[in-house]
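*Asks:* Next come the chains, spelled out residue by residue.
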Amino acid sequence: MTRILYCHCTYAQVVPKATKDAVLEKLCASRVNFEACADLCEMSARKDPALKRLAQGNSIKIAACYPRAVKWLFHAAGAPLPQDGVQILNMRVDNADTICATMESDTP
Amino acid sequence: MSGGPMSASITIEQDGSTRLIDAADRFAAVVALLEKGSSLSRTIGLNGSETQQVEIIRVESRSAERGEWKPWFPVIDYARCTNCMQCLSFCLFGVYGVDAEKKIQVQNQDKCKTNCPACSRVCPEAAIMFPKYKSGPINGDTVSADDLRREKMKVDISSLLGGDVFQMLRDRSQRAQSRFSKERDADKALKERQKCLAKLAEMGDIPPEVLMALPSPEEIQRRAEEAAAKAQAARS
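Taken in order, these protein sequences are the chains called G and V. In terms of this note's numbering, the first sequence opens at residue 2 and continues consecutively. In terms of this note's numbering, the second sequence opens at residue 543 and continues consecutively.
Quick caveat, the hints were computed from the structure, so don't treat them as lab data. Built from N, CA and C at the ideal position, the CB exists for glycine as well. Mixed in with the good hints there might be a few duds.
What the hints assert, rightly or not - Quick list of simulated restraints, FRET-style, between CB atoms:
# : chain 1 : residue 1 : chain 2 : residue 2 : range
1 : G       : 98        : V       : 558       : 35 to 41 angstroms
2 : G       : 22        : V       : 761       : 42 to 48 angstroms
3 : V       : 564       : G       : 22        : 15 to 21 angstroms
4 : G       : 98        : V       : 574       : 21 to 27 angstroms
5 : V       : 639       : G       : 53        : 20 to 26 angstroms
What the hints assert, rightly or not - 35 angstroms max Cα-Cα, derived DSBU-like pairs, lysine-lysine:
#  : chain 1 : residue 1 : chain 2 : residue 2
6  : G       : 53        : V       : 653
7  : V       : 676       : V       : 653
8  : G       : 18        : V       : 772
9  : G       : 48        : G       : 72
10 : V       : 653       : G       : 18
11 : V       : 612       : V       : 645
12 : V       : 644       : G       : 18
13 : V       : 578       : V       : 612
14 : V       : 772       : G       : 72
15 : V       : 676       : V       : 578
16 : G       : 72        : G       : 53
17 : V       : 645       : G       : 27
18 : V       : 612       : G       : 53
19 : G       : 53        : G       : 27
20 : V       : 644       : G       : 48
21 : V       : 676       : V       : 645
22 : V       : 612       : V       : 772
23 : V       : 653       : G       : 27
24 : V       : 645       : V       : 772
25 : V       : 645       : G       : 53
26 : V       : 772       : G       : 48
27 : V       : 612       : G       : 27
28 : G       : 27        : V       : 676
29 : G       : 27        : G       : 72
30 : V       : 644       : V       : 772
31 : V       : 645       : G       : 72
32 : G       : 72        : V       : 676
Build out the structure end to end from the sequences listed, making use of the hints.
*Replies:* Structural data, given as structure tokens:
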């Protein structure tokens with residue numbers, strides 16, 4: 002089962018508020034299980050062990066920012082993302098409808 | 543992500559205790575937790591009798607309160623990095639170091655100056671990202687051929703200025719000091735310093751407060767030499 006991780010970018014607000022709120026609202030209103038973090042950058046800086054757990058296991062969809070940044074933030078925390086089964090959705094660029102539609106789709 | 547009926551209430555598990563909230567307040571509760579720096583997981587299942595939906599929001603961890611620290615630090619894209627050590631030579635604040643295999647790494651994130659992307663500007667491969675920066679490719683956006691050309695051009699400009707932006711700063715400072723000592727005009731001195739700093743800030747998009755906080759020219763020289771020696775040792 003594909004897991005979902007949502008980043009709220011609490012500490013810098015570079016993700017448009019309207020987009021992240023709409024994505025989170027839809028996640029909350031859905032019946033899917035998901036994980037949400039305050040700020041992926043902050044977790045990476047702390048080398049939060051949760052990142053290792055998230056990087057391992059089943060496929061995962063990450064709603065955050067630029068895929069290149071997310072990939073290397075995990076790497077910097079000693080929790081490299083696997084080559085397959087990871088889909089990074091960019092809330093800085095794509096709108097909430099696009100993000101949610103991708104999260105609903107089956108392909109990891 | 544649509545589905546059947548939602549639960550009427552939600553259990554929030556935090557710090558070993560539980561509390562119930564109305565399901566209608568779910569979004570507000572989740573936002574409030576995230577804004578306070580918490581990470582959480584939401585799971586939905588059926589209760590033992592499989593007649594009622596159970597929704598649990600488990601608060602996993604809590605980091606620093608918002609506003610205590612903006613997570614601003616360089617993130618290296620090792621798919622692009624050539625280990626040239628320009629970043630190590632350039633950074634005066636000891637953010638970079640090398641591992642046992644002499645591979646560049648970010649060692650002291652907390653020493654990085656908030657909102658300063660200067661080291662990413664000197665990277666010839668656009669391999670240094672600051673995910674919270676406003677524009678690409680520094681923010682992690684895809685690196686285009688144009689971006690790469692611009693990055694290389696910046697390095698060339700730096701070379702034309704004497705190969706070392708800190709040397710340029712030192713020279714400017716010395717010239718200014720000499721002029722000011724003759725003129726003995728504090729206002730003029732301040733204006734000249736501000737002009738120099740503004741120019742340097744523009745070149746590297748360095749926040750003025752970072753430049754104003756730079757140490758004395760002698761200390762800059764000492765740190766620059768130290769960083770260059772570290773880079774040299776890593777290359778050899």
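*Asks:* Which numbered hints are broken by the structure, listed smallest first?
*Replies:* 8, 12, 17 and 23
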